[in-house]
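Chemist: Sequence:
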Amino acid sequence: MKLFFTITCALLGIFCAKAQTNDSIIKRLTPEKFIEAIKDSTVQVIDVRTITEYNQGHLKGAKKVDFLRPTEFQSYFENKDTLQPVYLYCRSGNRSMNAAKYLKKRGFQEIYDLRGGYAGLPDSLRVALKVEKDKDSY
150 MKLFFTITCA LLGIFCAKAQ TNDSIIKRLT PEKFIEAIKD STVQVIDVRT ITEYNQGHLK
210 GAKKVDFLRP TEFQSYFENK DTLQPVYLYC RSGNRSMNAA KYLKKRGFQE IYDLRGGYAG
270 LPDSLRVALK VEKDKDSY
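If you use my numbering, the sequence shown corresponds to residues 150 to 287, in order.
Calculated directly from the structure, the hints in this document are not laboratory data.
On a predicted model such as this, the values are computed, not experimentally measured, just so you know.
For every residue, glycine included, the Cβ atom is placed at its ideal position computed from N, Cα and C.
Treat the hints with care, as some may be off.
Claimed, not checked - Using 30 Å as the maximum straight-line C-alpha spacing, the simulated DSSO-like pairs for lysine-lysine come out as follows:
(1) Lys229 x Lys209
(2) Lys176 x Lys209
(3) Lys176 x Lys253
(4) Lys188 x Lys212
(5) Lys212 x Lys250
(6) Lys188 x Lys253
(7) Lys253 x Lys212
(8) Lys212 x Lys254
(9) Lys176 x Lys188
(10) Lys229 x Lys182
(11) Lys254 x Lys182
(12) Lys250 x Lys209
(13) Lys250 x Lys229
(14) Lys254 x Lys188
As the list claims (entries may be wrong) - Across the chosen pairs, the derived CB separations fall in these ranges:
(15) Leu274 x Ile200: 33 to 41 Å
(16) Glu227 x Ser273: 22 to 30 Å
(17) Lys188 x Asp272: 17 to 25 Å
(18) Thr179 x Lys209: 32 to 40 Å
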């Protein structure tokens, strides 16, 4: 009986560790942590909103890749390095989480999602981060 309990606990530990590893691929960051992370100009910052939403204001350096246009979205990520971190955001956090799940299925290893989306940014951060229209959005 003791052996059975020990084996069961060991298997449960392995299963939980594997589940935790897989779940850690997508991380939801608070606005403050997200903004701090994207200050590094080498990271990929992807705005998955529509062009209309993007033109109303977006984070500096963000590339617009509309998640609601599947062909555009899939095409953009087709040949991207899956080991390079990707930082995603949308209006409220729903589309970007769906985009994150898609990228995880495509083998991306490090995905960050802005909790609460662009709309959840505190005014102090939003004012500092609004940028003009980006002429070379995807």
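Chemist: All hints, please: hold or fail.
Modeler: Do the hints match the structure? See the list:
1. Lys229 x Lys209: Holds, at about 21 Å.
2. Lys176 x Lys209: Holds, because 21 Å separates the two Cα atoms, which is no more than 30 Å.
3. Lys176 x Lys253: 11 Å, holds
4. Lys188 x Lys212: 15 Å, holds
5. Lys212 x Lys250: Holds, because 19 Å separates the two Cα atoms, which is no more than 30 Å.
6. Lys188 x Lys253: Answer holds: Lys188 to Lys253 is near 23 Å, not above 30 Å.
7. Lys253 x Lys212: This hinted pair holds, its Cα atoms lying about 19 Å apart.
8. Lys212 x Lys254: 21 Å, holds
9. Lys176 x Lys188: 17 Å, holds
10. Lys229 x Lys182: 24 Å, holds
11. Lys254 x Lys182: The hint holds at about 25 Å.
12. Lys250 x Lys209: The hint holds at about 24 Å.
13. Lys250 x Lys229: 16 Å, holds
14. Lys254 x Lys188: With a Cα-Cα distance of about 27 Å, the restraint between Lys254 and Lys188 holds, given a limit of 30 Å.
15. Leu274 x Ile200: 33 to 41 Å: 23 Å, violated
16. Glu227 x Ser273: 22 to 30 Å: Given a distance of about 37 Å, which is not inside 22 to 30 Å, the answer is violated.
17. Lys188 x Asp272: 17 to 25 Å: About 19 Å separates the Cβ atoms of Lys188 and Asp272, which means 17 to 25 Å holds.
18. Thr179 x Lys209: 32 to 40 Å: Given range 32 to 40 Å: violated, Cβ gap about 18 Å.
Checked against the numbered hints given earlier, the structure breaks hints 15, 16, 18 and satisfies all the rest.
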